[in-house]
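*Asks:* Listed below are the residues making up each chain.
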Amino acid sequence: MTDRAALSPGVPVAGEAPVKGRSLWRVTWSRFRRRKVAVAGLVFILVVYAAGIFAPWVAPYDYRAQNLDKARQPPSWEHPLGTDELGRDILSRLIWGARTAAVVSILAVSLGTLYGVVLGALSGYLGGWVDSLIMRLADILFAFPGMLFVIFIAATIKPGFVGFVAQHEAALGLEGLARSGYLDYVVVFGALSFVGWPGMARLVRGQVLSLKNQEFVVAAQALGASTWQVVRRHLLPNALPPVLVAVSMGLGHAVTAEVVLSWLGIGVQPPNPSWGTMIWENRMQWRINPHLLLMPAATVGLVNLSFQFIGDALNDALNPRGR
Amino acid sequence: MTRYIIRRLLWLPVVLLAVSFITFTLGYYAPGDPVEVMLGQRVNPAAAERLREELGLNRPFLERYIDFVLRALSGDFGESYKYRGQPVTDLIADKVWVSVQLGLAGLTLAFAMGIPLGILAALKQGSWLDDLIVGTTLVLNSIPVFFTLPMLLLIFVRTLHWLPSSGWGGLFDSRIIIPAVVMALPGLAVITRQMRASTLDVLYQDYVRVARAKGLPESTVMVRHVVRNALLPLWTILGLSLGGLVEGFFVIETLYGIPGIGAMAVDSMFTRDYPMIMAITLLVAASFVLANLLVDIGYTFLDPRIRYD
Numbered sequence: 083m084t085d086r087a088a089l090s091p092g093v094p095v096a097g098e099a100p101v102k103g104r105s106l107w108r109v110t111w112s113r114f115r116r117r118k119v120a121v122a123g124l125v126f127i128l129v130v131y132a133a134g135i136f137a138p139w140v141a142p143y144d145y146r147a148q149n150l151d152k153a154r155q156p157p158s159w160e161h162p163l164g165t166d167e168l169g170r171d172i173l174s175r176l177i178w179g180a181r182t183a184a185v186v187s188i189l190a191v192s193l194g195t196l197y198g199v200v201l202g203a204l205s206g207y208l209g210g211w212v213d214s215l216i217m218r219l220a221d222i223l224f225a226f227p228g229m230l231f232v233i234f235i236a237a238t239i240k241p242g243f244v245g246f247v248a249q250h251e252a253a254l255g256l257e258g259l260a261r262s263g264y265l266d267y268v269v270v271f272g273a274l275s276f277v278g279w280p281g282m283a284r285l286v287r288g289q290v291l292s293l294k295n296q297e298f299v300v301a302a303q304a305l306g307a308s309t310w311q312v313v314r315r316h317l318l319p320n321a322l323p324p325v326l327v328a329v330s331m332g333l334g335h336a337v338t339a340e341v342v343l344s345w346l347g348i349g350v351q352p353p354n355p356s357w358g359t360m361i362w363e364n365r366m367q368w369r370i371n372p373h374l375l376l377m378p379a380a381t382v383g384l385v386n387l388s389f390q391f392i393g394d395a396l397n398d399a400l401n402p403r404g405r
Numbered sequence: 138m139t140r141y142i143i144r145r146l147l148w149l150p151v152v153l154l155a156v157s158f159i160t161f162t163l164g165y166y167a168p169g170d171p172v173e174v175m176l177g178q179r180v181n182p183a184a185a186e187r188l189r190e191e192l193g194l195n196r197p198f199l200e201r202y203i204d205f206v207l208r209a210l211s212g213d214f215g216e217s218y219k220y221r222g223q224p225v226t227d228l229i230a231d232k233v234w235v236s237v238q239l240g241l242a243g244l245t246l247a248f249a250m251g252i253p254l255g256i257l258a259a260l261k262q263g264s265w266l267d268d269l270i271v272g273t274t275l276v277l278n279s280i281p282v283f284f285t286l287p288m289l290l291l292i293f294v295r296t297l298h299w300l301p302s303s304g305w306g307g308l309f310d311s312r313i314i315i316p317a318v319v320m321a322l323p324g325l326a327v328i329t330r331q332m333r334a335s336t337l338d339v340l341y342q343d344y345v346r347v348a349r350a351k352g353l354p355e356s357t358v359m360v361r362h363v364v365r366n367a368l369l370p371l372w373t374i375l376g377l378s379l380g381g382l383v384e385g386f387f388v389i390e391t392l393y394g395i396p397g398i399g400a401m402a403v404d405s406m407f408t409r410d411y412p413m414i415m416a417i418t419l420l421v422a423a424s425f426v427l428a429n430l431l432v433d434i435g436y437t438f439l440d441p442r443i444r445y446d
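Line by line, the protein sequences give chains A and B.
Count the first sequence with the working numbering and you get residues 83 to 405, in order.
Count the second sequence with the working numbering and you get residues 138 to 446, in order.
Okay, chain A solo, but in the shape it has when bound (with noise of 0.2 Å):
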């Protein structure tokens, strides 16, 4: 169980990628399609995802629209998961949440991906000082306790962010931005991918350092390629599998954390949609009326579950080592 690829799932030992290449992610499908959790999964989170993004399409209701005749109801034929102390729908608030939970999943996860690629994938071609630096840097964020520093760069920084472009919109053209509440998004996976980074960094660094050294590597370097191309070409694309894996955790941890920065309300503010927001306004509600605060709760679950099937399944398929 030491030899390199049982420690590095998923990466092709020398002399077998190149020649591969497509048929990896063939076979990879097909691996993962084998696992029905992990496919239900999938298409759990592109229903929710796909929801969210098409939310103005294909809520039933405005997610804003009250109707206190019509409040804290029991799931029916007019409003499928019910209605909140309001009156508002709940499905249409729960497919508006997936709306920001998908923006700010993706972008925080996109964001913290592309800094922890390039900045692992330096530190460990580079090495010298430039990897010192690096790392400790990622030694220092990892002595924070993540979800703490996600909630203190959110206060802190995001009054100053809204006050600062609220004096410049004017001059950049986009007036209303700063009331607009996009603001609190920006801030959000902002937050989000500094702190995710340096996990990424590690895990990219420790496949580089472990790939720099393989033969197909030397080879190119010997050939004249330049230190970009052999990055680009031949690490990036060796490294990626443990990277796949990895988003995909993140993703359902991405999620978690937008809900529970906009449950503090330090998120996405109200009336902006969240789950984080339902969550918070329905935290009373168990004793009453428990469908308003398991609804949004479940939800954040089934996510989060999936995500981790997906993930699960990935590492698997990926370990060219299979089982």
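Source of the hints: derived by calculation from the structure; they are not laboratory data.
If you're wondering where the values come from, they're calculated on a predicted model, not measured in any experiment.
Treat the hints with care, as some may be off.
Okay, derived cross-link-like pairs now, EDC-like style, lysine to aspartate or glutamate, Cα gap no bigger than 20 Å in a straight line [unchecked claim]:
1) A:Lys152 with A:Glu363
2) A:Lys118 with B:Asp267
3) A:Lys118 with B:Asp268
4) A:Lys152 with A:Glu167
Label pairs and their in silico Cβ distance ranges [what the hints assert, rightly or not]:
5) B:Leu188 with A:Phe246: 23 to 29 Å
6) A:Arg315 with B:Lys261: 46 to 52 Å
7) B:Gly394 with A:Glu167: 19 to 25 Å
One side only, chain B facing chain A, incomplete, derived with CB under 10 Å [what the hints assert, rightly or not]:
8) Trp148
9) Gly164
10) Gly272
11) Leu275
12) Pro281
13) Pro287
14) Val383
15) Val388
Note that beta-carbon positions come from the ideal geometry of N, C-alpha and C, so glycine has one too.
Add chain B to chain A, keeping to what the hints say.
*Replies:* Then chain B, alone, in the frame of chain A:
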């Protein structure tokens, strides 16, 4: 070994200095005037100025930061902005103790459930019981606290009337049960999985076969040869789960009305009580680094094969 420990210990002040600098800078440039928090919005400007002077808020950034670090070194984190006249250290001390109790209860529960479940799953590998244990703990791991806490309230408070719905009464009070269980659930999956995997690893080792072959009773083989060795990797999990605990404190303490460090941190965030936020952040970072160091050192005592040089 000693050199390794010294090197790790030397790293601690560096981390703390960096952490304090980051939090201090963020706090410094964050708007929201603490004087306004203390005196209200319609305040006599002269009085506000006097208070600012008194608290040293009108001095330049670097001066304030160095002052903060020097004071912090002697254990003085200043006075809370919100609770005027009370030193931060006094305010935090009780809260820390509450959170430590809650964390201990949660961790103990997680390990007490996870270890036997993991062993059981390993012994019944491939059976429906194995699938059930692995599946259930995985589901519990993915479900956020927001869901588990209300569910438990719904079942044990609303329907069965067995337990109280909020509050804190220490380690030996029935009010700790629900938050401790909620705290334990996310870690349970990690512990169970690790215990299952390491039991499976050990179970087919030669020395276990030898122990069986020489006719030791199955219980002795399990306790002395299998479980003792399989427990080793859990030590790492202990270090890793500390970060998760802190996360749990924020949500669970706020939801269940427990006067701990997490609820305090959330409250301080809202009131811009920066001295409190700084102290809590540094405390958490310091205990995190120290705990991980202890875990690494502890490893060498538990497993003599491991040496750090």
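*Asks:* Now tell me if each hint is right for this structure.
*Replies:* Now for the hints, and whether the structure bears them out:
{"no.": "1", "hint": "A:Lys152 with A:Glu363", "result": "holds, 18 Å"}
{"no.": "2", "hint": "A:Lys118 with B:Asp267", "result": "holds, 18 Å"}
{"no.": "3", "hint": "A:Lys118 with B:Asp268", "result": "holds, 14 Å"}
{"no.": "4", "hint": "A:Lys152 with A:Glu167", "result": "holds, 9 Å"}
{"no.": "5", "hint": "B:Leu188 with A:Phe246: 23 to 29 Å", "result": "holds, 27 Å"}
{"no.": "6", "hint": "A:Arg315 with B:Lys261: 46 to 52 Å", "result": "holds, 48 Å"}
{"no.": "7", "hint": "B:Gly394 with A:Glu167: 19 to 25 Å", "result": "holds, 21 Å"}
{"no.": "8", "hint": "Trp148", "result": "holds, 8 Å"}
{"no.": "9", "hint": "Gly164", "result": "holds, 6 Å"}
{"no.": "10", "hint": "Gly272", "result": "holds, 9 Å"}
{"no.": "11", "hint": "Leu275", "result": "holds, 7 Å"}
{"no.": "12", "hint": "Pro281", "result": "holds, 5 Å"}
{"no.": "13", "hint": "Pro287", "result": "holds, 4 Å"}
{"no.": "14", "hint": "Val383", "result": "holds, 4 Å"}
{"no.": "15", "hint": "Val388", "result": "holds, 7 Å"}
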